[in-house]
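Chains as they are written, first to last, in the numbering used here: chain A, 1 to 280; chain B, 1 to 317.
Since the hints were derived computationally from the structure, they do not count as laboratory data.
Note that the structure is a prediction, hence the values are computed from the model and not measured.
Don't be surprised by glycine CBs; every beta carbon is placed ideally from N, CA and C.
Hints are supplied without guarantee of correctness; some may be wrong.
DMTMM-like cross-link-like pairs, simulated, lysine to aspartate or glutamate; straight-line CA separation at most 25 Å [claimed, not checked]: (1) A:Lys109 - B:Asp92; (2) A:Lys233 - B:Glu21; (3) A:Lys240 - A:Asp211; (4) A:Lys135 - B:Glu210; (5) A:Lys233 - B:Asp92; (6) A:Lys135 - B:Glu293; (7) A:Lys108 - B:Asp92; (8) A:Lys233 - A:Glu209; (9) A:Lys109 - B:Glu158; (10) B:Lys9 - B:Glu48; (11) A:Lys199 - A:Asp211; (12) B:Lys9 - B:Glu210; (13) A:Lys135 - B:Glu21; (14) A:Lys140 - B:Glu51; (15) A:Lys231 - A:Glu242; (16) A:Lys135 - B:Glu158; (17) B:Lys231 - A:Glu209; (18) A:Lys135 - B:Glu48; (19) A:Lys108 - B:Asp188; (20) A:Lys135 - B:Glu51; (21) A:Lys231 - B:Glu51; (22) B:Lys316 - B:Glu293.
For each label pair, taking beta carbons as the anchor points, the in silico distance ranges come out as [to be verified]: (23) A:Gln201 - B:Pro136: 36 to 46 Å; (24) B:Thr296 - A:Gly138: 28 to 38 Å; (25) A:Gln198 - B:Gly120: 50 to 60 Å; (26) A:Ala166 - B:Asn282: 27 to 37 Å; (27) B:Gly57 - A:Tyr249: 38 to 48 Å; (28) B:Phe285 - A:Val259: 42 to 52 Å; (29) A:Val259 - B:Gly161: 47 to 57 Å; (30) A:Lys140 - B:Phe3: 31 to 41 Å; (31) A:Gln201 - B:Gly57: 12 to 22 Å; (32) B:Gly74 - A:Glu7: 35 to 45 Å; (33) B:Ser243 - A:Leu96: 53 to 63 Å; (34) B:Val189 - A:Gly258: 50 to 60 Å; (35) B:Asn137 - A:Gly230: 29 to 39 Å.
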Amino acid sequence: MENSALEKVASQVRRDIVRMVSAVNSGHPGGSLGCTDFLSFLYFEQMHFNAESFSMDGIGEDLFFLSNGHISPVWYSVLARAGYFPVAELGTFRKLSSRLQGHPSTDKKLPGIRMASGSLGQGLSVAAGAAQVKKLNGDKGIVYTLHGDGELQEGQIWEAAMYAAANQVDNLIATIDYNGRQIDGDVEDVLSLGNLAQKWQAFGWNVLEMDGHNFANIRENMTKAKEMCGKGKPVVIIMKTEMGQGVDYMMGSHKWHGVAPNPEQLTAALAQLEETLGDY
Amino acid sequence: MEFEILGNKDTRSGFGEGLAELGRTNPNVVALCADLTGSLKMDAFQKEQPERFFQAGIAEANMIGLAAGMTIGGKIPYTGTFANFSTGRVYDQIRQSVAYSQKNVKICASHAGLTLGEDGATHQILEDIGMMRMLPNMTVIVPADFNQTKQATIAIAEHQGPVYLRFGRPVMPIFVKPDAKFVIGKADVLAEGTDVTIIACGHLVWKSIEALNILREKGISAELINMHTIKPLDVDAILKSVSKTGCVVTAEEHMMNGGLGEAVSQVLSRSFPCPQEYVAVNDSFGESGTPMELMTKYGIDTQDVVNAAIKAIARKA
Numbered sequence: 001m002e003n004s005a006l007e008k009v010a011s012q013v014r015r016d017i018v019r020m021v022s023a024v025n026s027g028h029p030g031g032s033l034g035c036t037d038f039l040s041f042l043y044f045e046q047m048h049f050n051a052e053s054f055s056m057d058g059i060g061e062d063l064f065f066l067s068n069g070h071i072s073p074v075w076y077s078v079l080a081r082a083g084y085f086p087v088a089e090l091g092t093f094r095k096l097s098s099r100l101q102g103h104p105s106t107d108k109k110l111p112g113i114r115m116a117s118g119s120l121g122q123g124l125s126v127a128a129g130a131a132q133v134k135k136l137n138g139d140k141g142i143v144y145t146l147h148g149d150g151e152l153q154e155g156q157i158w159e160a161a162m163y164a165a166a167n168q169v170d171n172l173i174a175t176i177d178y179n180g181r182q183i184d185g186d187v188e189d190v191l192s193l194g195n196l197a198q199k200w201q202a203f204g205w206n207v208l209e210m211d212g213h214n215f216a217n218i219r220e221n222m223t224k225a226k227e228m229c230g231k232g233k234p235v236v237i238i239m240k241t242e243m244g245q246g247v248d249y250m251m252g253s254h255k256w257h258g259v260a261p262n263p264e265q266l267t268a269a270l271a272q273l274e275e276t277l278g279d280y
Numbered sequence: 001m002e003f004e005i006l007g008n009k010d011t012r013s014g015f016g017e018g019l020a021e022l023g024r025t026n027p028n029v030v031a032l033c034a035d036l037t038g039s040l041k042m043d044a045f046q047k048e049q050p051e052r053f054f055q056a057g058i059a060e061a062n063m064i065g066l067a068a069g070m071t072i073g074g075k076i077p078y079t080g081t082f083a084n085f086s087t088g089r090v091y092d093q094i095r096q097s098v099a100y101s102q103k104n105v106k107i108c109a110s111h112a113g114l115t116l117g118e119d120g121a122t123h124q125i126l127e128d129i130g131m132m133r134m135l136p137n138m139t140v141i142v143p144a145d146f147n148q149t150k151q152a153t154i155a156i157a158e159h160q161g162p163v164y165l166r167f168g169r170p171v172m173p174i175f176v177k178p179d180a181k182f183v184i185g186k187a188d189v190l191a192e193g194t195d196v197t198i199i200a201c202g203h204l205v206w207k208s209i210e211a212l213n214i215l216r217e218k219g220i221s222a223e224l225i226n227m228h229t230i231k232p233l234d235v236d237a238i239l240k241s242v243s244k245t246g247c248v249v250t251a252e253e254h255m256m257n258g259g260l261g262e263a264v265s266q267v268l269s270r271s272f273p274c275p276q277e278y279v280a281v282n283d284s285f286g287e288s289g290t291p292m293e294l295m296t297k298y299g300i301d302t303q304d305v306v307n308a309a310i311k312a313i314a315r316k317a
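Looking at chain A on its own, in the form it has when it is part of the complex (with noise of 0.2 Å):
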């Protein structure tokens, strides 16, 4: 896809989350808007799958984990850009008896979601377990996840990091959104990750580095990350993003991780995002 075709989704997508959470005056915008470049990017060029039929097994296809639950908005918005459900359900998002949930979950059987979120450092062992049957099934499809740098906190994140590793999981490639925020201010003051690109080292990953708001970036590395598949190693990404990225009042801060824009708000961050496909 095209630079320029990304960067309109992108656009939309963050239109849809900063609408979806103020329609609700509740969700999380910050990390959402942080990691729209990627999961555009994920679901416009990267994998492959069947969003018009959803199965929960996906054989043959890529799957996705989104470890860090909090930025749904993000993923629904991505979901159903993509395909998977009508782009006017956006617009029930945490509200009673949507698919939306605040935080993913399947019970409710939203396509797109194969496994609940939210509560912190469980995706990572699943995508692990997914990947691992994908390779007993001989099903070529690769794993792919996204956490949150606060995340890394949680201790079962370095289990399965240890797991993945001694297994030679080498079909799961797993995205750090590293923009150095969380709920209580900088990680850095509230538990340093110490050097994070030699932690995954050590821990036996092939570690990248990548710009998670420059799509020619992002390619560059999500193609070396899929070619370094198959090769024994699982695969990490540490990918550098802004929180809020796009919103100029919400950048630079952990503010916004979890508060949603007041209507003056709203309109101040509309007037900043281009509609590109269409409002829900």
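Let chain A serve as the given structure and place chain B on it in line with the hints.
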């Protein structure tokens, strides 16, 4: 009714045999273990199906997540570790990645309760039935002996959805016939009686069989129900029996809070209020000792079932 002792074995060995048989008959069954393969008797499966056996190491949270992920693609994962590490340690992982996500994971837990013995209270979980039966979508099974544990292990592969299967370490008499059919949610009436209904699960079923004989000598006719499935509970079997006997004893190797007894109380209070006595551990951690010493000290032995039955009968009318 006389009970024929068919042999003496531990229930965990029933799990091991059932799992090995599944390995031979069901290509979708995979097994995961957290460094307790020998203790869980999973070695046969590991040896015969090495490509479908996954050693998670001492990392139970990851093991539960792996198992949840392995259902995606059609596998039926069986996880094996001690009951303490199968539940309390990984409650949130089970809650989100298994129960809420409706994944077809079979959580198989050995060394449950006091009868783990000498290792002491750190390993003797007495809260696991309560934790697991509180989770929506979860089926909770506590088989009574070696044969029934083997039968249950095989039966749950055919059940779509999360299951908690609880068994233990001590060698106990076998009394369930080797060809008995295990039906999830359908209690076994082991003895018919008219004075009191004893509802038991796990190792307490054998203790209750022993109690039956003592009660008979005292002229008391007790009905005995093996409630191997705690959830969904066989409400019909309970009501059918208590409408005849008018009082109940529940017996389990578990905390009084949250266990089989409470589940039965819920049925009685709604549909047939009547005296109930609890044979269970009363709000206490265990300690080191032999399994049988501990059962006696913590009030879950044969004599405790007898005393509870006499008390329940005395409270009638």
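Comparing the hints with the structure gives:
1. A:Lys109 - B:Asp92: holds, 21 Å
2. A:Lys233 - B:Glu21: Violated, because 34 Å separates the two Cα atoms, which is more than 25 Å.
3. A:Lys240 - A:Asp211: holds, 5 Å
4. A:Lys135 - B:Glu210: violated, 51 Å
5. A:Lys233 - B:Asp92: The given pair, whose Cα atoms are some 29 Å apart, is violated under the 25 Å limit.
6. A:Lys135 - B:Glu293: Since the Cα atoms of lysine 135 of chain A and glutamate 293 of chain B sit roughly 49 Å apart, the hinted pair is violated (cutoff 25 Å).
7. A:Lys108 - B:Asp92: holds, 20 Å
8. A:Lys233 - A:Glu209: Since the Cα atoms of lysine 233 of chain A and glutamate 209 of chain A sit roughly 16 Å apart, the hinted pair holds (cutoff 25 Å).
9. A:Lys109 - B:Glu158: holds, 23 Å
10. B:Lys9 - B:Glu48: holds, 22 Å
11. A:Lys199 - A:Asp211: holds, 19 Å
12. B:Lys9 - B:Glu210: Distance ~17 Å between lysine 9 of chain B and glutamate 210 of chain B Cα, so the pair holds.
13. A:Lys135 - B:Glu21: Roughly 24 Å separates the two Cα atoms, so the pair holds.
14. A:Lys140 - B:Glu51: holds, 17 Å
15. A:Lys231 - A:Glu242: violated, 32 Å
16. A:Lys135 - B:Glu158: holds, 24 Å
17. B:Lys231 - A:Glu209: violated, 49 Å
18. A:Lys135 - B:Glu48: holds, 19 Å
19. A:Lys108 - B:Asp188: It is violated: about 36 Å lies between the C-alpha atoms, which goes past 25 Å.
20. A:Lys135 - B:Glu51: holds, 10 Å
21. A:Lys231 - B:Glu51: The given pair, whose Cα atoms are some 19 Å apart, holds under the 25 Å limit.
22. B:Lys316 - B:Glu293: This hinted pair is violated, its Cα atoms lying about 32 Å apart.
23. A:Gln201 - B:Pro136: 36 to 46 Å: holds, 41 Å
24. B:Thr296 - A:Gly138: 28 to 38 Å: The hint (28 to 38 Å, Cβ to Cβ) is violated, given that threonine 296 of chain B and glycine 138 of chain A are roughly 55 Å apart.
25. A:Gln198 - B:Gly120: 50 to 60 Å: Between glutamine 198 of chain A and glycine 120 of chain B, where Cβ atoms are some 40 Å apart, the hint is violated.
26. A:Ala166 - B:Asn282: 27 to 37 Å: violated, 44 Å
27. B:Gly57 - A:Tyr249: 38 to 48 Å: Since the Cβ atoms of glycine 57 of chain B and tyrosine 249 of chain A sit about 47 Å apart, the hinted range of 38 to 48 Å holds.
28. B:Phe285 - A:Val259: 42 to 52 Å: holds, 44 Å
29. A:Val259 - B:Gly161: 47 to 57 Å: Cβ of valine 259 of chain A to Cβ of glycine 161 of chain B: about 38 Å, so the range 47 to 57 Å is violated.
30. A:Lys140 - B:Phe3: 31 to 41 Å: The hint (31 to 41 Å, Cβ to Cβ) is violated, given that lysine 140 of chain A and phenylalanine 3 of chain B are roughly 56 Å apart.
31. A:Gln201 - B:Gly57: 12 to 22 Å: holds, 20 Å
32. B:Gly74 - A:Glu7: 35 to 45 Å: holds, 39 Å
33. B:Ser243 - A:Leu96: 53 to 63 Å: Between serine 243 of chain B and leucine 96 of chain A, where Cβ atoms are some 41 Å apart, the hint is violated.
34. B:Val189 - A:Gly258: 50 to 60 Å: holds, 55 Å
35. B:Asn137 - A:Gly230: 29 to 39 Å: holds, 36 Å
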